[in-house]
Amino acid sequence: MGKTLFDKIWDSHVVAKIDEGPSVLYIDRHLIHEVTSPQAFAGIEKRGIEVFRPQNTVATPDHNVPTIDQHLSIKDELSRFQVNKLTENCERHGVTLFGLNHPYQGIVHVIGPQLGLTRPGMTIVCGDSHTSTHGAFGSVAFGIGTSEVEMVLATQCIMQPKPKKMRISVEGELPKGISAKDVVLYIISKVTASGGTGYFVEFAGSAIRSLSMEGRMTVCNMSIEMGARGGLIAPDQTTFDYVKGREYAPQGEEWEKELAKWKELYSDEDAVFDKEIVYDAADIEPMITYGTNPGMGTKVKGRIPTLEEVPEKERNSFTKSMKYMGFNPGDELIGKPIDYVFVGSCTNGRIEDLREVAKFVKGRKKADNITAWIVPGSKQVEQQAIEEGIVDVLEEAGFKLRQPGCSACLAMNDDKIPSGKYAVSTSNRNFEGRQGPGSRTLLASPVTAAAVAVTGSIVDPREISELELV
Amino acid sequence: MAIEKFTKITSSAVPLPIENVDTDQIIPARFLKATTREGFGENLFRDWRYDSNNKPVEDFVLNDPKYSGKILVAGKNFGSGSSREHAAWAVHDYGFKVVVSSFFADIFRGNSLNNGLLPVLVTEDFLDEIFAEIDKDPKAQFEVDLESQTFKIVSSGSTASFEINSYKKECLLNGFDDIDYLLNIKDKITAFEASRA
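Protein sequence lines, in the order shown, are assigned to chains C and U. Going letter by letter, the first sequence gives residues 12 to 481 in the numbering used here. Going letter by letter, the second sequence gives residues 546 to 742 in the numbering used here.
Where hints are given, some of them may not hold.
[Said to hold, decoys possible] Pairs of lysine-lysine, DSSO-like flavour, derived with a Cα cap of 27 Å:
1. Lys324/C with Lys684/U
2. Lys731/U with Lys19/C
3. Lys642/U with Lys173/C
4. Lys681/U with Lys324/C
5. Lys14/C with Lys28/C
6. Lys611/U with Lys697/U
7. Lys96/C with Lys697/U
8. Lys310/C with Lys621/U
9. Lys376/C with Lys187/C
10. Lys432/C with Lys600/U
11. Lys324/C with Lys578/U
[Claimed, not checked] If you anchor each label on the Cβ, the simulated ranges turn out as follows:
12. Ser703/U with Asp30/C: 28 to 34 Å
13. Gly702/U with Phe92/C: 48 to 54 Å
14. Lys274/C with Leu718/U: 44 to 50 Å
No lab work stands behind these hints: they were computed from the structure. Cβ coordinates follow ideal geometry from the N, Cα and C atoms, glycine included.
Please take these sequences and the hints and turn them into a complete structure.
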């Protein structure tokens, strides 16, 4: 029987298998940040052991950094302490750190791919659930807890039960103006926020293959939002072209050797998945969420389900969610007033996302009722945005680019949406209070966010800009 | 470094019949700035427990004196979202030893097991039975026995068995953690690295 792409990578990294228990899985790349690593370093120090393979771990502060005045000392005492702790830990243990103000600093899931640290066939982990982003390169990448971060620091391995395998195929050509974010929000709205639990998902099909690397990262990034352990896409020429020539990518002969291996990374034709789902690309429209988990999404032009349309057992949670959001069951979404727009995060903080926003807002003006935060995913994205003139276009339209970090995606720093306010956000979670206590989040694509930013209310971007969308 | 041993507990339970409780609710991000593992229980379910003026929300279960105990009984898909282990630390630090649900998010489940917090997976019907029991008598007792892998409603004797892999079971019964195991097979890991070079 053939093997799935996931099996090929997983099986080649199993150091040992415990009977009726987990596998000992070898980790090629370990990414760490300031929030989920300090207790892990403390743990190995308490045991009196060293980091086993410091060269396989790379660190950057992202969750808890300010997005303005990064050249100054961090104002918040606890945040400063945590970021400094990361620096100390990395120095003490010989781990490469791209610290604040380093030209490579940024959100871990943006910098990994950008620097060529993320490569096909690797196992990649990070104490962050959006590690699934790296699966876009045909790697097995997933989020772990801090105890597991400690395991990787101590032994370069973790203990994991092997997940089941699911394949989600999106077939056909994506309609004009539909982005990767719409694709993944569509999938999650169908699968639900828990439908992928216990599975590792391979995204496949012609619509997925047509996506750029940035788009594929957006799709894999949100695998966790359907509960999946991770998501991955078989590498192809698009992948190889993206990786080639990047700072840490293999060069010369080494490149050729690796490339030959990467070309074997696909699911065999007779591979069997535990679950298979196929969607029709033609059915996908601009998407938006209306509730408090990412599965509660619909077409921008659609409406919130009525109470009767929700399964009886879920009605309590649904009603609680509607109350939190200040929406009524059955409401149309178009025209609802919005207060904030956030463009950024590991889901949509890449250069392609900023390009799309700039293209849309060019020649337009930000609506007066909107506060917009546009946050690049990394220093390199910021630099590129300056060089490409994106920053000028944004400023002309009344927007300002902030400095890199996770920012309002999880509101650990000062970038908090005030209580009761509505934010259309390109991030990944619309949980209660996710973007600040009492904040109300509606997830959407960068283009939809840009359209909302210029109209001040929920709008289908195709209605304003049909000719410009590709 | 050992985790707390788990064998058997008998306790009343706290009901949280809400579905899709994500880890941002269990412990909001703004409380993740600590660099140690201790003290997160104080902010467990912070934004459900306290209003914006930091006043306790009276009808939230943790503030309701009717409910107490070492068992948290939660609706389907508990612990979804962020991988923050702080969520498992917060639940455990608050004083819970067991979380019961009809569905757990993968990462939360793993994190719990690594911290001596036992996730007990039961059917939706049995979960409803537990909620009904607490509704009838908030002080109703439940018995969780890891050795026999059973969860019992004491008054009715109604019992459900739960799954746990035998490796993790041994770890919890003996207070071992995964790092001890991995450190013991370091030779194997080094040999694996050599075989790939």
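Going down the list of hints, with the structure as the test:
1. Lys324/C with Lys684/U: holds (25 Å)
2. Lys731/U with Lys19/C: holds (24 Å)
3. Lys642/U with Lys173/C: Given pair Lys642/U, Lys173/C holds - Cα atoms ~26 Å apart, limit 27 Å.
4. Lys681/U with Lys324/C: holds (20 Å)
5. Lys14/C with Lys28/C: Measuring from Cα to Cα gives roughly 19 Å; hence the hint holds.
6. Lys611/U with Lys697/U: OK: Lys611/U and Lys697/U at ~21 Å, within 27 Å.
7. Lys96/C with Lys697/U: violated (45 Å)
8. Lys310/C with Lys621/U: Holds. Lys310/C to Lys621/U sits at ~26 Å (cutoff 27 Å).
9. Lys376/C with Lys187/C: holds (24 Å)
10. Lys432/C with Lys600/U: holds (22 Å)
11. Lys324/C with Lys578/U: violated (36 Å)
12. Ser703/U with Asp30/C: 28 to 34 Å: holds (32 Å)
13. Gly702/U with Phe92/C: 48 to 54 Å: Because 52 Å falls inside the window, the suggested range holds.
14. Lys274/C with Leu718/U: 44 to 50 Å: At 47 Å between Cβs, range holds.
Against the hints set out earlier in the document, violations occur for numbers 7 and 11.
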